[in-house]
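S.K.: So the chains spell out like this:
Protein chains: 2
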Amino acid sequence: MLLEAARAVFAENGYERATVRSIAARAGVDAAMVNHWFGGKEGLFAQAVLKLPFEPAELVTVLRDGPVEELGSRIVRTFLTRWDGVGGDTFQALIRSIAGHEAASTVLRDFFLQFFTGLLSDLGGDRRELRVALCASQLVGMGLVRYVARFPPMVEAEVDTLVTAVAPTLQRYLTGDID
Amino acid sequence: MLLEAARAVFAENGYERATVRSIAARAGVDAAMVNHWFGGKEGLFAQAVLKLPFEPAELVTVLRDGPVEELGSRIVRTFLTRWDGVGGDTFQALIRSIAGHEAASTVLRDFFLQFFTGLLSDLGGDRRELRVALCASQLVGMGLVRYVARFPPMVEAEVDTLVTAVAPTLQRYLTGDID
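Protein chains in written order, with the numbering used here: chain P, 1 to 179; chain V, 1 to 179.
No wet-lab data here; the hints were simulated from the structure. Errors might be hidden in some of the hints.
Just so you know, same-sequence chains aren't split out, so a pair can sit in one copy or run between any two.
What the hints assert, rightly or not - The list that follows gives simulated cross-link-like pairs (lysine to any residue, SDA-like), each with its CA atoms no further than 25 Å apart:
1. Lys51 - Arg127
2. Lys51 - Met33
3. Lys51 - Ser97
Treat the numbers as computed from the prediction; the structure is a model and nothing was measured.
Input sequences plus hints: build the corresponding full structure.
M.R.: Structure follows, in structure tokens:
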């Protein structure tokens, strides 16, 4: 099965060296089909290994569909609605795998930096990789406190409340003054 | 030994119901001595269970020693210098225990909310518990990305760089506009 083949190839080769071609070959399917339906290597990784509740390709569309001054708001809203939708267990599994396995941590890092740095390249601006890492820190921390450590004010807060509180943070990290 | 007795009592009773008296009794020492040397229940919990690289009582002094407009900056700097000092493994163990054990997560949450909400009570302002939870989300996320997932721009950044970038976030969560 394709996702199992993907998990095996990522585990053996790491994110950088894994190829859609080798995953498709192992699963006995066509590589072009995999690229079309799963959004290529990033999409496969997100679904097979991290089990993220979204496809990277789809996310790019969501995030680009609106003014750049509201990017922080769109990111926080998308993050919360997708993870709320699948429940906290999936996020807990993600954190556990980051804290427990060096390999999972490495692939997540590569994926995140490549994906968001690509998104940010349109915006111009300096210190792009630090900006992406700062965004990651606030998003992962928000997920950890809402879905894993389950701090009551964070669990009970409506999505709108958290978007209002946290979006300016993401917006500043992305396009504002950080030094 | 005192820290072992503390671990056992916290595990059996949870943070709320554990008492310094019962911990001291189990270790065969004087409760007043425990309060004096370990900063009471919070200090024992921080050292015995979470293995935090600071004592809560001492932290209160550090955080109050300066103008309120620089509170965000002092928190970020203290967080980073203390955790940098003990190395990333300790933070990784903390995250692993939050993600793996419901009990650890509950005690951390109680501790964090009590401790920081107390600190914040001097500041006045509304939505105190949400403000504390927002601070927790940014701090824990920063620790996770620097010490556990180890995103290169976050690992390589000087403490000063991160203080400049992240302090305004904490400051807004503590004393600024969040709605």
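S.K.: Checking Lys51 and Arg127: alpha-carbon separation at most 25 Å within a copy, between copies, both or neither?
M.R.: Neither way: Lys51 and Arg127 sit 29 Å apart in one copy and 34 Å across, limit 25 Å.
S.K.: Pop the pair Lys51 and Met33 into one bin, within, between, both or neither, using alpha-carbon distances up to 25 Å.
M.R.: Within one copy only: 20 Å inside, 50 Å across.
S.K.: With identical chains treated as interchangeable, where does the CA-CA distance between Lys51 and Ser97 reach 25 Å or less: within a copy, between copies, both, or neither?
M.R.: For Lys51 and Ser97, both the intra-copy (11 Å) and inter-copy (22 Å) Cα distances are at most 25 Å.
Hint check: a violation occurs at hint 1 only; the rest are consistent with the structure.
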